[in-house]
Amino acid sequence: MRKLKQLSLSILAFTYIILLTNCGDNSDVEAAPLEGTIGGEAWTYKYAKAFYNEIDDLYDAELYGTQQTEADPCSIFISGEAHISMQVPNSTGNFQVPADIQVLFDQPGTDNAFFRATGGFIEINTAAGGQIVGFVQAMFDDDNTVEGTFSFSRCN
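Following our numbering from start to finish, the sequence shown increments by one per residue and tops out at 156.
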(Lines of atoms letter the chains of each structure in order from A and count residues from 1; the text may use other names and numbers.)
(Lines give C-alpha, C1' and ligand atoms only; values in the text may rest on other atoms or scores of the structure.)
Protein backbone atom coordinates (compact mmCIF):
# COMPACT_ATOMS: atom_id res chain seq x y z
CA MET A 1 0.00 0.00 0.00
CA ARG A 2 2.87 2.34 0.87
CA LYS A 3 4.47 1.71 -2.56
CA LEU A 4 1.18 2.49 -4.29
CA LYS A 5 0.93 5.79 -2.41
CA GLN A 6 4.53 6.71 -3.33
CA LEU A 7 3.89 5.81 -6.95
CA SER A 8 0.73 7.95 -7.00
CA LEU A 9 2.59 10.92 -5.50
CA SER A 10 5.41 10.51 -8.01
CA ILE A 11 2.97 10.46 -10.93
CA LEU A 12 1.18 13.53 -9.54
CA ALA A 13 4.48 15.40 -9.10
CA PHE A 14 5.60 14.46 -12.62
CA THR A 15 2.27 15.64 -14.09
CA TYR A 16 2.51 18.92 -12.18
CA ILE A 17 6.04 19.56 -13.51
CA ILE A 18 4.94 18.85 -17.09
CA LEU A 19 2.00 21.23 -16.77
CA LEU A 20 4.15 24.02 -15.34
CA THR A 21 6.70 23.61 -18.12
CA ASN A 22 4.08 23.71 -20.89
CA CYS A 23 2.18 26.69 -19.48
CA GLY A 24 5.24 28.93 -19.62
CA ASP A 25 6.09 28.50 -23.29
CA ASN A 26 4.33 31.69 -24.48
CA SER A 27 5.41 34.02 -21.66
CA ASP A 28 8.09 35.78 -23.73
CA VAL A 29 5.68 36.47 -26.60
CA GLU A 30 2.89 37.66 -24.33
CA ALA A 31 5.20 40.00 -22.38
CA ALA A 32 6.73 41.64 -25.47
CA PRO A 33 5.62 45.30 -25.60
CA LEU A 34 3.95 46.52 -28.79
CA GLU A 35 6.56 48.30 -30.88
CA GLY A 36 7.90 48.59 -34.38
CA THR A 37 8.10 51.25 -37.07
CA ILE A 38 5.55 53.55 -38.63
CA GLY A 39 6.70 55.53 -41.64
CA GLY A 40 10.22 54.26 -41.04
CA GLU A 41 10.36 55.82 -37.55
CA ALA A 42 10.62 53.82 -34.32
CA TRP A 43 7.28 53.52 -32.53
CA THR A 44 6.41 52.14 -29.08
CA TYR A 45 2.85 51.73 -27.77
CA LYS A 46 1.74 54.02 -24.93
CA TYR A 47 -2.09 53.93 -24.76
CA ALA A 48 -5.23 53.72 -26.88
CA LYS A 49 -8.49 55.47 -27.58
CA ALA A 50 -11.27 52.93 -28.19
CA PHE A 51 -15.01 53.27 -28.66
CA TYR A 52 -17.36 50.31 -28.56
CA ASN A 53 -19.47 49.74 -31.68
CA GLU A 54 -22.61 47.83 -30.57
CA ILE A 55 -23.79 47.09 -34.11
CA ASP A 56 -20.63 45.18 -35.07
CA ASP A 57 -19.65 44.13 -31.49
CA LEU A 58 -16.12 45.47 -31.84
CA TYR A 59 -13.95 48.39 -30.80
CA ASP A 60 -12.82 51.16 -33.11
CA ALA A 61 -9.36 51.76 -31.66
CA GLU A 62 -6.46 54.10 -32.25
CA LEU A 63 -3.22 52.97 -30.63
CA TYR A 64 -0.83 55.83 -29.86
CA GLY A 65 2.90 55.77 -29.25
CA THR A 66 5.15 57.39 -26.70
CA GLN A 67 5.35 60.55 -28.86
CA GLN A 68 1.72 61.35 -27.95
CA THR A 69 1.66 63.84 -25.04
CA GLU A 70 -2.00 64.11 -23.96
CA ALA A 71 -2.75 62.85 -20.44
CA ASP A 72 -5.98 61.13 -21.52
CA PRO A 73 -6.06 59.26 -24.85
CA CYS A 74 -9.87 59.53 -24.94
CA SER A 75 -9.53 63.33 -25.25
CA ILE A 76 -7.52 63.15 -28.49
CA PHE A 77 -9.68 64.44 -31.34
CA ILE A 78 -7.17 64.31 -34.19
CA SER A 79 -3.63 63.10 -33.61
CA GLY A 80 -0.68 64.74 -35.25
CA GLU A 81 1.52 61.75 -34.39
CA ALA A 82 2.00 58.39 -36.11
CA HIS A 83 -0.39 55.77 -34.76
CA ILE A 84 -2.24 52.55 -35.58
CA SER A 85 -5.97 52.36 -36.30
CA MET A 86 -7.81 49.07 -36.12
CA GLN A 87 -11.08 47.42 -35.27
CA VAL A 88 -10.72 45.00 -32.38
CA PRO A 89 -13.28 42.21 -31.83
CA ASN A 90 -15.09 42.15 -28.49
CA SER A 91 -14.29 38.45 -28.11
CA THR A 92 -11.29 36.27 -27.49
CA GLY A 93 -9.67 34.47 -30.37
CA ASN A 94 -7.16 34.70 -33.18
CA PHE A 95 -7.99 36.97 -36.14
CA GLN A 96 -6.07 37.23 -39.40
CA VAL A 97 -4.92 40.54 -40.92
CA PRO A 98 -6.30 41.61 -43.38
CA ALA A 99 -8.88 38.82 -43.90
CA ASP A 100 -10.68 39.27 -40.53
CA ILE A 101 -9.30 42.55 -39.19
CA GLN A 102 -8.00 45.73 -40.82
CA VAL A 103 -4.94 47.46 -39.36
CA LEU A 104 -3.91 50.88 -40.66
CA PHE A 105 -0.57 52.60 -40.18
CA ASP A 106 -1.51 56.30 -39.90
CA GLN A 107 1.14 58.91 -40.71
CA PRO A 108 -0.22 62.42 -40.11
CA GLY A 109 1.88 65.21 -41.57
CA THR A 110 2.77 63.24 -44.69
CA ASP A 111 -0.36 64.17 -46.62
CA ASN A 112 -2.24 62.17 -43.95
CA ALA A 113 -0.95 58.97 -45.52
CA PHE A 114 -2.11 55.64 -44.19
CA PHE A 115 -1.17 52.15 -45.21
CA ARG A 116 -3.36 49.06 -44.78
CA ALA A 117 -1.49 46.09 -43.30
CA THR A 118 -1.13 43.25 -45.78
CA GLY A 119 -0.31 40.51 -43.27
CA GLY A 120 -0.30 39.48 -39.65
CA PHE A 121 -2.78 38.56 -36.93
CA ILE A 122 -4.41 39.78 -33.73
CA GLU A 123 -4.92 37.48 -30.76
CA ILE A 124 -7.38 38.73 -28.16
CA ASN A 125 -6.72 37.15 -24.77
CA THR A 126 -9.19 39.17 -22.66
CA ALA A 127 -12.40 40.85 -23.78
CA ALA A 128 -14.56 41.63 -20.76
CA GLY A 129 -16.05 44.68 -19.13
CA GLY A 130 -14.70 47.11 -21.68
CA GLN A 131 -11.13 45.87 -21.19
CA ILE A 132 -9.18 44.36 -24.09
CA VAL A 133 -5.82 42.62 -23.80
CA GLY A 134 -4.14 41.14 -26.84
CA PHE A 135 -1.19 40.63 -29.12
CA VAL A 136 -0.86 42.07 -32.62
CA GLN A 137 1.52 41.41 -35.45
CA ALA A 138 0.90 43.58 -38.51
CA MET A 139 3.00 44.59 -41.47
CA PHE A 140 2.74 46.58 -44.66
CA ASP A 141 6.43 46.89 -45.59
CA ASP A 142 9.80 47.34 -43.83
CA ASP A 143 8.84 50.91 -42.84
CA ASN A 144 5.44 49.93 -41.38
CA THR A 145 5.47 46.93 -39.09
CA VAL A 146 4.52 46.36 -35.45
CA GLU A 147 4.42 43.42 -33.06
CA GLY A 148 3.68 42.95 -29.37
CA THR A 149 1.11 43.10 -26.61
CA PHE A 150 -1.42 45.85 -25.96
CA SER A 151 -4.11 46.58 -23.41
CA PHE A 152 -6.79 49.25 -23.27
CA SER A 153 -10.14 50.20 -21.77
CA ARG A 154 -12.97 51.66 -23.80
CA CYS A 155 -13.65 55.39 -23.72
CA ASN A 156 -17.47 55.17 -23.76
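Note that these hints are calculated values from the structure, not bench results. Check each hint, because a few of them may be wrong.
[Claimed, not checked] Have a look at the derived ranges for each label pair, beta carbon to beta carbon:
hint: 1; residue 1: C74; residue 2: P108; range: 27 to 37 Å
hint: 2; residue 1: D57; residue 2: D111; range: 26 to 36 Å
hint: 3; residue 1: T118; residue 2: D72; range: 17 to 27 Å
hint: 4; residue 1: S151; residue 2: N53; range: 16 to 26 Å
hint: 5; residue 1: N94; residue 2: D60; range: 29 to 39 Å
hint: 6; residue 1: T126; residue 2: D60; range: 11 to 21 Å
hint: 7; residue 1: Q131; residue 2: N94; range: 10 to 20 Å
hint: 8; residue 1: E70; residue 2: Q96; range: 24 to 34 Å
hint: 9; residue 1: N94; residue 2: T69; range: 15 to 25 Å
hint: 10; residue 1: E54; residue 2: D143; range: 33 to 43 Å
Computed from a predicted structure; not experimentally measured. Note that the Cβ used here is the ideal one computed from N, Cα and C, for glycine as well.
Hints versus structure:
no., hint, verdict
1, C74 to P108: 27 to 37 Å, "violated (18 Å)"
2, D57 to D111: 26 to 36 Å, "holds (34 Å)"
3, T118 to D72: 17 to 27 Å, "violated (33 Å)"
4, S151 to N53: 16 to 26 Å, "holds (19 Å)"
5, N94 to D60: 29 to 39 Å, "violated (20 Å)"
6, T126 to D60: 11 to 21 Å, "holds (18 Å)"
7, Q131 to N94: 10 to 20 Å, "holds (19 Å)"
8, E70 to Q96: 24 to 34 Å, "holds (32 Å)"
9, N94 to T69: 15 to 25 Å, "violated (34 Å)"
10, E54 to D143: 33 to 43 Å, "holds (36 Å)"
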